Amino acid sequence: MKLLGRSAALATAGALLAGCGAGGPGGGGGKISDDKIVLAVLTDQSGVYADLSGENAVRAVEMAVADFKKKYGDKAVAKEIEVVSADHQNKPEIANTKARELYDRQQADMIVDVPTSSAALAVANVAKGKKRVFISVGAATTALTGEQCNKYTFHYGYNSYMLAHGTGTALTKSGSENWYLVYPDYAFGQDMEKTFSESIKAAGGTVVKSDPTPFPNDNFSTFLLKAPNLDPKPDVIGAMQAGGDLVNLVKQYNEYKLRDKGVGLAVGLMFITDIHSLGSKALEGTRFTDFWYWNQDDDNRAWADRFNKETGARPTAVHAGDYSAALQYLEAVQRAGTDASDPVVKELEGHKVNDMFTSTGTIRAEDHLLVHDSYLAEVKPESEVAEPWDYEKIVDTIPAAEAFQPADPACKL
Amino acid sequence: MLQQAFNGLVGGAFYALLALGLAVIFGMLGVVNFAHGAFYMLGAFGSYVLLDSFGVNFWIALPLVPLVLGVTGVAVERLFIRRLAPLDPLYNFLFTFGLALILQDLVKRQYGVQSQPYPRPSALNGSIDLGLFTYPAYQVFVLAVSLVVCGAVWFVLARTRVGMIVRASTERPELTRALGIDVARWVTPVFGFGIALAGFAGVLAAPMRAVNPLMGADLIVTVFAVVVIGGLGSVFGSVAAGFAVGLVSALGNYYVPSLSQTLVFILMAAVLLWRPAGLFGREEATL
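Chains as they are written, first to last, in full-length UniProt numbering: chain V, 1 to 413; chain E, 1 to 287.
Worth double-checking, as some hints may not be accurate.
One-sided excerpt, in silico: chain E residues whose CB lies under 8 Å from chain V [to be verified]:
{"hint": "1", "residue": "Gln4"}
{"hint": "2", "residue": "Lys108"}
{"hint": "3", "residue": "Val113"}
{"hint": "4", "residue": "Gln114"}
{"hint": "5", "residue": "Pro136"}
{"hint": "6", "residue": "Met208"}
{"hint": "7", "residue": "Arg209"}
{"hint": "8", "residue": "Asn212"}
{"hint": "9", "residue": "Leu214"}
{"hint": "10", "residue": "Asp218"}
{"hint": "11", "residue": "Leu219"}
{"hint": "12", "residue": "Ala250"}
{"hint": "13", "residue": "Asn253"}
{"hint": "14", "residue": "Tyr254"}
{"hint": "15", "residue": "Pro257"}
{"hint": "16", "residue": "Gln261"}
Listed next, the stretches of chain V that the computed footprint assigns to chain E, with coverage defined by at least 3 CB atoms under 8 Å from CB atoms of chain E [stated by the list, open to error]:
{"hint": "17", "segment": "207-214"}
{"hint": "18", "segment": "220-234"}
{"hint": "19", "segment": "242-248"}
{"hint": "20", "segment": "271-278"}
Calculated from the structure, these hints are not laboratory results. This one's a predicted model, so the numbers in the text were calculated from it and none came from an experiment. Don't be surprised by glycine CBs; every beta carbon is placed ideally from N, CA and C.
Looking at chain E on its own, in the form it has when it is part of the complex:
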């Protein structure tokens, strides 16, 4: 039972990392990024290509792939998102949706639809005795790393000057600008950072999940539900909801497998009835 709960948390770690990026991007840019799942997929494929074609191992891929994807994200924001921002939000929605399809198809063209093999890093091959039960070391690592990353993001946003500016420009862009802070300057790096987080989750997923072009598309629907449950734009809410949804689906799989697919959306509906802005959301996006 405890082991099942732990399982849910590991699954939740991926939801949390992806939802966190989505929430930051939505908070800052007001863009619902439908390409997020595709960048998660590119993260996994990036580490596969590095290993397969260049012999670069997991530990180097872990910082390198998110970095490259972050830079790509910056370019995407500069070239497209920025130009579409003044228009109806629908344009950005269509753009990111189209981008996701294009990225998926490009990968499909190059690597086919079969999943690509990616081994676990040898240092994390064994199991760890957690006292009550033993658990695969890699899964423990994933959980720990994602908690650290989520914690770090929260710390930066809540406690540092950069975080203050980001929060201020999300909540009161006009006022922040009036205080002499260049809000627009922060939009691009925040978008890049969100994409890098998705790529990071993808690299983490490569050794334990099927690496194929559809892996992001399959996951993203649940992640959107997570963001909505947590409250759109709420960083803390996204992370908490990510782990909560992981737990709920693990327990759902255990007790009522036939319902497990719908359980997340039942939860979402229930939360929205009770708190229309999500668990931690307010009328305006907050922390």
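In isolation and in its complexed conformation, chain V is listed as follows:
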């Protein structure tokens, strides 16, 4: 009660200070609340996802703000656009508290990024209660646009269906019919195992065996050595591990020379930062689904060069998604002429996205999922790596309509 009282007082104070009486978040207005737009990046600043999103996600959003200001100059709907950030440490309860603080105390109009599914679901819940916009980029769970969807939450970039469907279907159809799945024994891994199995079976393949592995785990040798002796022998090991566990698994996969024994490797989720830490040699030939790659075309590369100048690193697909999400949000505010949530949400629904991140995107009105082309990528052999971070080869494009699942009837906005 106390908290509610304080936040209501703050909101009122904010509205009075602005002197425009926008009527608080969600009200129609036609103006900008407290004379500025506040974008909040809620991210992991010190944990396992700090490299793939983290501090650099804040830089990406700042780049979007700079581009927006450059494009509209004096015609921009708000004079001041502020970027704030907070660390959720991948914990849902902290994400919940931080999201409330950002919306209430820092007057954030929207929250973006939020890796870790459980944390993103917590923020979605806050966004629903506060009636303010939340665009998830870093989280994988399909629940954000499924049974737990809401009017103010958008899912931008990728999800576990896209990963499983892309890699599982494409590899099965290209001849890797027998799979051995190893997945970390917690929510993310179990979810991935389920979607991968479904995709493989739907494409006519077989899951020979699927084993849960401890999480975290530094020794995968038992599972790897088991692979060539399974009957029938699997064509490919589907590894659902992430971060340090994935690195352990790949190192050991190479030590036991499984590729020479005719067992390939496919990974469920991998970012360019993972390849960087393993070296492309260790992962040579590994296939996975990606949704943006910095060196794919000139546009991407130009943006990645700017990003590199600011941060000293190449952007992950999540960074690019953060940039696009922030930019599209600002564009929606520009079109609506206000930062009040309801008109902005209306502008985003059904909007076609065409920017550096994707030229094929549509924000689906039924469930707020951004559907766009995704890609089957392969890690280049070391001999083809022309410069640092140049690790990926795009083998195939999976059209938007196939890449993502149809809208879940369980989602009622």
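Add chain E to chain V, keeping to what the hints say.
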């Protein structure tokens, strides 16, 4: 099957080296060193930094990194552990736990959370034909080296004068002191040695495991279980239990993957029910 057992032994080699250090430190100082995993991590990071920033290879890192960490251990013992020793054991527990968190975060600050690449030494890049199956040469090397080190430690403790003093001062500090031996003098080097062993395991791990700030924290829980199974303070017990736990988890992964995480702790519970002081432990710490 045999190959799986061999696998378990290689995994067990790391448990054994870490448990050995923990056991020696506990036996001599009565300190449960929660920072042990962090020193293992520093060992791996030390070899990464040497290679990445100075071009120093694995073979030089293997003795150098443990040496540096051993000296660091000596400093830690002198500056902190010694002062906390007369107080409630809880203080040392909290200190080592805090130290582990600080070390982890410092590394995280500097190098981030992504794993760092560390190549296998080129001399050990191939596979060795062990008769029944071929096995990566590096893994064979790890197993051999850790057996030699564990054997050497056992030999020193069981057969030499230094070992006798260390054993005597662990078991009967008062009596040993009465015989004119300066027990306190041996405490510091033993602590440093235990830390050096952890660093050594870390260097060995760098080419085959993910080098990241959390690698020690992930491992240390299992190592504590190993020490408890072996019997607190028992050197031989720690080594035997290290290899045994490696075997059990490898076979567990093979037959019942979903249980493999809990298997070690089921084993620990079973051992404690049967022998409350652990397999080789007695009421007082012994060899």
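A quick look at each hint next to the structure:
1. Residue-level restraint check for E:Gln4 holds (minimum Cβ-Cβ distance to chain V is 6 Å; threshold 8 Å).
2. The beta carbon of E:Lys108 is positioned within 8 Å of a beta carbon in chain V (closest approach about 6 Å), and the interface hint is therefore held.
3. The interface hint given for E:Val113 is met, as the beta carbon of that residue sits about 5 Å from the closest beta carbon of chain V, less than 8 Å.
4. Look at E:Gln114: its Cβ gets to within about 4 Å of chain V, closer than 8 Å, so that hint holds up.
5. Interface restraint check for E:Pro136: the shortest CB-CB distance to chain V comes to about 4 Å, inside 8 Å, so the restraint holds.
6. For the restraint placing E:Met208 at the interface with chain V, the shortest Cβ-Cβ distance is roughly 6 Å, inside the 8 Å limit, so the hint holds.
7. Satisfaction of the interface hint for E:Arg209 is found here, the shortest Cβ-Cβ separation to chain V being roughly 5 Å, below the 8 Å cut-off.
8. Restraint check, E:Asn212 versus chain V: the minimum CB separation of about 5 Å is within 8 Å; hint holds.
9. Given the 8 Å rule on beta carbons, the hint for E:Leu214 holds: about 6 Å separates it from the nearest Cβ of chain V.
10. The criterion of a C-beta within 8 Å of any C-beta in chain V is met by E:Asp218, whose closest approach is roughly 4 Å, and the hint holds.
11. Restraint check, E:Leu219 versus chain V: the minimum CB separation of about 6 Å is within 8 Å; hint holds.
12. At about 5 Å, the closest approach between the beta carbon of E:Ala250 and any beta carbon in chain V falls short of 8 Å, and the interface hint on this residue holds.
13. Nearest Cβ of chain V to the Cβ of E:Asn253: about 4 Å, under the 8 Å cut. The hint holds.
14. Below 8 Å, beta-carbon pairs count as interface contacts, and E:Tyr254 has one with chain V at about 5 Å; its hint therefore holds.
15. Residue-level restraint check for E:Pro257 holds (minimum Cβ-Cβ distance to chain V is 4 Å; threshold 8 Å).
16. Among the interface hints, the one on E:Gln261 holds; its C-beta lies about 4 Å from the nearest C-beta in chain V, closer than the 8 Å criterion.
17. Counting residues of the segment 207-214 of chain V whose beta carbon lies closer than 8 Å to any beta carbon of chain E gives 4, which reaches the threshold of three, so the coverage claim holds.
18. With a threshold of 8 Å between beta carbons, the proposed coverage of the segment 220-234 of chain V by chain E holds, since 5 of its residues qualify and at least three are required.
19. For the segment 242-248 of chain V, the assignment as covered by chain E holds, since 5 residues bring a beta-carbon within under 8 Å of that chain's beta-carbons and 3 suffice.
20. Counting residues of the segment 271-278 of chain V whose CB falls under 8 Å from any CB of chain E gives 5; the rule of at least 3 is met.
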